[in-house]
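2 protein chains.
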Amino acid sequence: MLCNLLQWVQRIMNPSESDSRKPIGIFDSGVGGLTVLKQMLSCLPAERMIYLGDTARLPYGTKSRETVVKYSLKNASFLVGKGIKCLVVACNTASSLALDTLRQSFPIPVLGVIRPGAERAARLTRRRKVGVIGTMATIRSKAYEDAICSFAGPIEVISVPCPLFVSLAEEGWTQDDVTYRVAERYLSPLRQRDVDVLVLGCTHYPLLKPVISSVMGDGVALVDSAEEVAVQVGAVLDEMGLRNKGQGSPESPKIYMTDCSAHFLELAEKILGFPLTDFEYVDL
Amino acid sequence: MLCNLLQWVQRIMNPSESDSRKPIGIFDSGVGGLTVLKQMLSCLPAERMIYLGDTARLPYGTKSRETVVKYSLKNASFLVGKGIKCLVVACNTASSLALDTLRQSFPIPVLGVIRPGAERAARLTRRRKVGVIGTMATIRSKAYEDAICSFAGPIEVISVPCPLFVSLAEEGWTQDDVTYRVAERYLSPLRQRDVDVLVLGCTHYPLLKPVISSVMGDGVALVDSAEEVAVQVGAVLDEMGLRNKGQGSPESPKIYMTDCSAHFLELAEKILGFPLTDFEYVDL
Numbered sequence: 001m002l003c004n005l006l007q008w009v010q011r012i013m014n015p016s017e018s019d020s021r022k023p024i025g026i027f028d029s030g031v032g033g034l035t036v037l038k039q040m041l042s043c044l045p046a047e048r049m050i051y052l053g054d055t056a057r058l059p060y061g062t063k064s065r066e067t068v069v070k071y072s073l074k075n076a077s078f079l080v081g082k083g084i085k086c087l088v089v090a091c092n093t094a095s096s097l098a099l100d101t102l103r104q105s106f107p108i109p110v111l112g113v114i115r116p117g118a119e120r121a122a123r124l125t126r127r128r129k130v131g132v133i134g135t136m137a138t139i140r141s142k143a144y145e146d147a148i149c150s151f152a153g154p155i156e157v158i159s160v161p162c163p164l165f166v167s168l169a170e171e172g173w174t175q176d177d178v179t180y181r182v183a184e185r186y187l188s189p190l191r192q193r194d195v196d197v198l199v200l201g202c203t204h205y206p207l208l209k210p211v212i213s214s215v216m217g218d219g220v221a222l223v224d225s226a227e228e229v230a231v232q233v234g235a236v237l238d239e240m241g242l243r244n245k246g247q248g249s250p251e252s253p254k255i256y257m258t259d260c261s262a263h264f265l266e267l268a269e270k271i272l273g274f275p276l277t278d279f280e281y282v283d284l
Numbered sequence: 001m002l003c004n005l006l007q008w009v010q011r012i013m014n015p016s017e018s019d020s021r022k023p024i025g026i027f028d029s030g031v032g033g034l035t036v037l038k039q040m041l042s043c044l045p046a047e048r049m050i051y052l053g054d055t056a057r058l059p060y061g062t063k064s065r066e067t068v069v070k071y072s073l074k075n076a077s078f079l080v081g082k083g084i085k086c087l088v089v090a091c092n093t094a095s096s097l098a099l100d101t102l103r104q105s106f107p108i109p110v111l112g113v114i115r116p117g118a119e120r121a122a123r124l125t126r127r128r129k130v131g132v133i134g135t136m137a138t139i140r141s142k143a144y145e146d147a148i149c150s151f152a153g154p155i156e157v158i159s160v161p162c163p164l165f166v167s168l169a170e171e172g173w174t175q176d177d178v179t180y181r182v183a184e185r186y187l188s189p190l191r192q193r194d195v196d197v198l199v200l201g202c203t204h205y206p207l208l209k210p211v212i213s214s215v216m217g218d219g220v221a222l223v224d225s226a227e228e229v230a231v232q233v234g235a236v237l238d239e240m241g242l243r244n245k246g247q248g249s250p251e252s253p254k255i256y257m258t259d260c261s262a263h264f265l266e267l268a269e270k271i272l273g274f275p276l277t278d279f280e281y282v283d284l
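Residue numbers (the working numbering), protein chains in the order written: chain A, 1 to 284; chain B, 1 to 284.
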């Protein structure tokens with residue numbers, strides 16, 4: 001670990017031009033993290049990106065810390081082996097449970113989605129009452145709660161797991177009467193407690209924004225971690241002198257998946273809004 | 001493969017008494033297959049049983065054939081290594097996609113849930129119109145369709161994937177208004193086509209029997225593969241002289257899982273209706 005830290009410090013002090021031309025690596029438990037990739041492509045248009053979706057082992061949100069850490073290390077090792085300059089953990093569950101281990105294991109900056117979303121929520125709330133929705137594992141970890149309060153002191157954080165939202169988004173029932181009823185039930189404790197900010201703490205949830213927003217009402221700001229993380233990645237690259245200054249349009253993102261059933265490929269193209277031109281299966 | 005076949009033939013001709021005292025192995029992608037274990041415990045009370053739930057990699061139902069076959073081989077190897085006399089694949093998706101490969105790979109009888117359920121459906125239908133519901137992968141494989149028609153000639157089989165049913169069952173919303181609405185939508189093509197038998201082609205679906213039955217109406221018989229497979233396992237053990245003739249009450253089933261989050265353990269005890277007294281985590 002000390003050795004990794006020294007390598008990293010050395011690199012921060014002397015980033016070479018070739019380092020800045022390296023790609024950014026992003027992983028998620030599946031295709032939901034493509035919402036993060038999409039935001040990053042639009043905020044960081046000169047950067048090359050490699051995305052890995054662990055579709056063979058998804059979802060992470062119902063599984064234990066040990067299993068999520070094990071899979072996260074496998075994913076990160078694969079991307080680090082591709083020579084990335086920076087790692088983005090797009091999955092909220094992996095960000096909640098595995099970020100420290102990943103930072104200790106690899107000599108590159110590792111960014112998760114929790115802190116960017118938490119900071120934005122803490123800045124936005126007027127009533128100092130923030131709602132967080134996510135998978136069972138993310139909510140149980142209290143990662144958002146800790147991050148919000150460590151950034152802005154005591155804020156009331158009300159957290160609710162919404163496991164059915166992932167399945168509803170994957171089924172494509174994004175603006176459906178059933179989804180509306182499920183949302184009403186899950187979100188009712190947040191409405192009762194009068195939160196004014198709601199963190200969408202799972203990469204699938206932005207797909208349900210219209211329903212969630214209509215249930216919560218206009219007075220509640222929705223925080224999409226995908227948007228926040230893209231901004232913070234840019235800031236970290238600048239700080240470390242790793243931003244790609246090269247000109248010209250970048251290559252399409254390279255996308256790897258550990259399982260490539262027709263279902264995932266269709267969903268991936270739907271989320272990205274363009275066809276997967278550079279896609280490869282990988283057995284991890 | 002020839003070598004495996006010869007070993008098997010030899011064992012069928014001369015099953016030793018010690019063979020009959022070996023346990024039966026059962027695997028599933030998760031905890032849903034405990035509905036099969038429960039039926040087997042009640043139909044085969046003298047047998048020892050070992051159950052493996054691949055909770056670290058579930059669900060299988062959205063994944064590709066290659067991935068499902070790979071995981072099924074890992075699960076089966078683990079159980080065969082424990083000295084089982086017979087393997088039951090409790091997962092409908094793995095039964096649909098991996099049964100031939102498993103049979104070619106191991107010198108013991110391998111039973112899936114498709115054939116028992118298909119045979120029962122073919123015997124029950126009067127109008128020769130059978131509905132099948134299951135995961136995306138099971139329905140896409142056409143395994144039930146092929147098995148029903150190979151057993152009883154041309155029967156009209158209408159198959160519908162119901163991916164949300166698993167999440168609804170896991171959320172515990174088994175008799176809920178939302179579940180009723182989802183069921184009405186999924187099952188409407190089956191009602192329109194006037195099926196008189198419906199196969200519950202996923203181990204989670206029996207948990208939703210009350211809702212499914214109320215949507216389909218009294219005239220439609222529901223076939224639960226868990227019940228059928230227990231009867232067929234008994235028949236195969238008798239045929240092969242492998243039934244345990246020993247007296248006395250058997251040991252509790254040994255249960256292994258590849259991930260043991262609190263969520264899965266709670267669900268497992270709820271399905272079984274008794275506490276997990278002999279449980280172990282295994283890293284596959």
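Quick caveat, the hints were computed from the structure, so don't treat them as lab data.
Bear in mind the structure is a predicted one, so any value in this text is a computation, not a measurement.
Hints may be right or wrong, so weigh each one.
Note that the list lumps identical chains together, so a pair holds whenever it fits in one copy or between two copies.
In silico DSS-like pairs for lysine-lysine, Cα to Cα no more than 30 angstroms straight-line [said to hold, decoys possible]:
#1 Lys22 - Lys74
#2 Lys22 - Lys142
#3 Lys245 - Lys142
#4 Lys70 - Lys82
#5 Lys245 - Lys209
#6 Lys245 - Lys129
#7 Lys245 - Lys70
#8 Lys70 - Lys254
#9 Lys22 - Lys129
#10 Lys129 - Lys82
#11 Lys254 - Lys129
#12 Lys74 - Lys142
#13 Lys254 - Lys142
Against the structure, the hints:
1. In this assembly of identical chains, the alpha carbons of Lys22 and Lys74 lie at most 30 angstroms apart only when taken from the same copy (20 angstroms versus 37 angstroms across copies).
2. In this homomeric assembly, Lys22 and Lys142 never come within 30 angstroms of each other (Cα to Cα): the closest approach is 34 angstroms inside a single copy and 46 angstroms across copies.
3. For the homomeric pair Lys245 and Lys142, neither the shortest alpha-carbon distance inside one copy (38 angstroms) nor that between copies (53 angstroms) is at most 30 angstroms.
4. In this homomeric assembly, Lys70 and Lys82 come within 30 angstroms of each other (Cα to Cα) both inside a single copy, at 19 angstroms, and across copies, at 25 angstroms.
5. When the C-alpha separation of Lys245 and Lys209 is checked against a cutoff of 30 angstroms, the pair qualifies neither within a copy, at 35 angstroms, nor between copies, at 61 angstroms.
6. Within a single copy, Lys245 and Lys129 get their C-alpha atoms no closer than 41 angstroms, and across copies no closer than 65 angstroms, so neither meets the 30 angstroms cut-off.
7. In this assembly of identical chains, the alpha carbons of Lys245 and Lys70 never lie at most 30 angstroms apart, being 35 angstroms within a copy and 44 angstroms across copies at closest.
8. When the C-alpha separation of Lys70 and Lys254 is checked against a cutoff of 30 angstroms, the pair qualifies both within a copy, at 23 angstroms, and between copies, at 25 angstroms.
9. Taking identical chains as interchangeable, the C-alpha atoms of Lys22 and Lys129 are never at most 30 angstroms apart, the minima being 41 angstroms within one chain and 59 angstroms between chains.
10. Taking the shortest alpha-carbon separations for Lys129 and Lys82, neither the intra-copy value of 42 angstroms nor the inter-copy value of 54 angstroms comes in at or below 30 angstroms.
11. Taking CA atoms no more than 30 angstroms apart as the test, Lys254 paired with Lys129 passes in neither setting, with 40 angstroms inside one copy and 47 angstroms between copies.
12. Taking identical chains as interchangeable, the C-alpha atoms of Lys74 and Lys142 lie at most 30 angstroms apart only when both belong to the same chain, with a minimum of 24 angstroms there against 34 angstroms between chains.
13. Within a single copy, Lys254 and Lys142 get their C-alpha atoms no closer than 33 angstroms, and across copies no closer than 33 angstroms, so neither meets the 30 angstroms cut-off.
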